[in-house]
Amino acid sequence: MMVVCTRYSSDYESAQDLLQEGFIRVFQHLHQFKNEGSLEGWIRRIIVNLALETYRKNVNLRNQAELPSEYESEHPLSAEDILSQLNANELLSLVQQLPPTYRLVFNLYEFEGAKHHEIAQQLGISEGTSKSNLHDAKKLLQKWVSKLMYDNNNHI
Amino acid sequence: MSEQKSNDIGKVFRSAIDGLSMTPPKAVWENLRMVALQTQLLRYQTINRWLTVYASIVTLLLGGSIVEHFSHNEVEYLIPSKTKLVYQTRVIHDTITLSKIVYKNLEKPSDILDKISKDAQETDDDTQISHVLHKSTNSLNPLAYDSTFIIKTNHTIADSAFIQPYNIEHTDVVHQATITNTIGSKPYNPFISHIPLATIPYLSFKSRNIPAEKPPKLKIPLKNRLSVSAFYAPELGDLTVYRSTPDAFNYGNEIIEKAYTWGFRASIDLSPRVSISTGIQLSTIQFAGTVRKSSIQPELVNGQLQYLYKTVFGVANIPTEEMTTTPAIGNPISVEMEDEHSVSFVNIPLSLKYNAFSLKLTKGTRNQRYMSLYGIGGINYHMPSSQIMNIEVYESDGHDYYTTLRNFSNTSPYWSYQFGIGAELELGRNSSMWIEPYYQRNINSFVRDLPLQSYLQNTGVRIGLKWHF
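Those protein sequences? They're chains A and B, same order as listed. With the working numbering, you'll find the first sequence wraps up at 152, consecutive numbering, no jumps. With the working numbering, you'll find the second sequence wraps up at 479, consecutive numbering, no jumps.
Check each hint, because a few of them may be wrong.
Only part of the chain B face toward chain A is listed, based on derived beta-carbon distances under 7 angstroms [said to hold, decoys possible]: (1) Asp18; (2) Ile19; (3) Ala46.
Because the hints were derived from the structure by calculation, they are not lab data. Values in this document were obtained by computation on a predicted structure and should not be read as measured data. C-beta atoms are modelled at their ideal positions from N, C-alpha and C, and glycine is treated no differently.
One chain only, chain A, in its complex shape (with noise of 0.2 angstroms):
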């Protein structure tokens, strides 16, 4: 659940205060837990939840991001490339340093398998801005991975 925390947050303090409030409202609301599927997927729903919650509050932290003009990545990279040379740790790294509307847009589209009108209804958005987001985070992540790997290259 850490790691779903973390996935969330910008920073690893507001992961641990995630997880905090996420289990407290587990130990809340345990008694309504029914026998509907597994209680480590009831626990992950409540996180997200309350990490949707939590965005839906600070409203004014929805800046989009500023592509910058040459995000594009001039090298073409592989999953094998990428898994080679970069560890977990560091992806999610670069999955913390997305903007908030675009990190949970790409959270909840990758790793929790949203559809892109279920992303536009929770987050109060269109379903295209939701399309046009999830692209945009692909592309800053595919940008930053092509540094990350290319800096530890050459401090190599």
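Use these hints to put chain B onto chain A, whose structure you have.
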């Protein structure tokens, strides 16, 4: 190309991060523990608030009945009731023959004669006052006016009807011991034993000249104070589990589906109002699981890997005789809980009962029927007697089988307190039925050496039949 790369980057992140695990810092769990404790405290406060309300009601009932009891005695003893007119016969003096005694409340001492003369005349035209005991000379109790009036009727036959089978010497104080000796044959009725007029029918009046020596108490044979009951009690149970560590969340999420108790109770009257009871009871609780199917990894117990089924009322070792899977790390099995899931306790209760009121349900003197209202409270000692849990085991190779878990460890005896109120209806001379709503709660947890504590609280209604010896 760009779109393809964009889709791939999502999969790369998913595959890398999904397998990642991170341990949160200890401070988070410590904070969670503190929050959980605060939540428990709030829950305790809520429970205590309701308990206080319930206890206040019971206390008011009991306290009110005690006050009523003593004030009633005082009225009977010092100032006879205005509304009661009692006819009795006594030998007052050698010069006075068997007479009818009338007593009424005296508002003013000076009105004694007029009022009683009037009352007596209204009651029977042929009666006449033959003797009046005047104001008490008891300096300790100046308000105590002798209100005994001896009225002799003019009907010889009627007077003879009042002749008592015993002869009490002339005295202002009628000792209960004397009465007991003379009315020993009167049967003891637990419903009305605390009502003086009903218990001792020939003693309806006492002088306010309090004797120097306290009269001996009325002794009722032990056999007449003994009673036995059989009862059944459906219960609404609530299970409260306090989990002290994250590991405690592996111990199931059972909820109580059904609970009931039946048993036998023996009571002995310590006084006309107070009785003590004990007996034997069997309580059965049927559980339902909020998670019916779960995956279980083998754990090392005494040097052996075993599959353990962890519940909030104990841990059971899943038998491996029919299992094709070898208990080893990485060889999980799935276990599904079936409907049969019960735990039984044998209880030894010890209760005190206070008989608050006795109500006469029928008019007239024949076929009198009484109902008594009472409060009861005490403690119980519960010993686990049996635990049964049917499960279906699914193995990774597709093999599955049913088995019953009976040997649960970590379940321990526990104490509980209970209190309630009740009503008892007299059915016959020796039998009665009673109904008793009650509340019961654990004093200590009924599991031990586990990272959780389990408490039961029940609200039930005992319905029983009682036999008075």
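The hints, checked one at a time:
For Asp18 of chain B, the interface hint holds, since its Cβ comes within 7 angstroms of a Cβ in chain A; the closest pair sits about 6 angstroms apart. Among the interface hints, the one on Ile19 of chain B holds; its C-beta lies about 5 angstroms from the nearest C-beta in chain A, closer than the 7 angstroms criterion. The criterion of a C-beta within 7 angstroms of any C-beta in chain A is met by Ala46 of chain B, whose closest approach is roughly 6 angstroms, and the hint holds.
When held up to the earlier numbered hints, the structure conflicts with none and fits them all.
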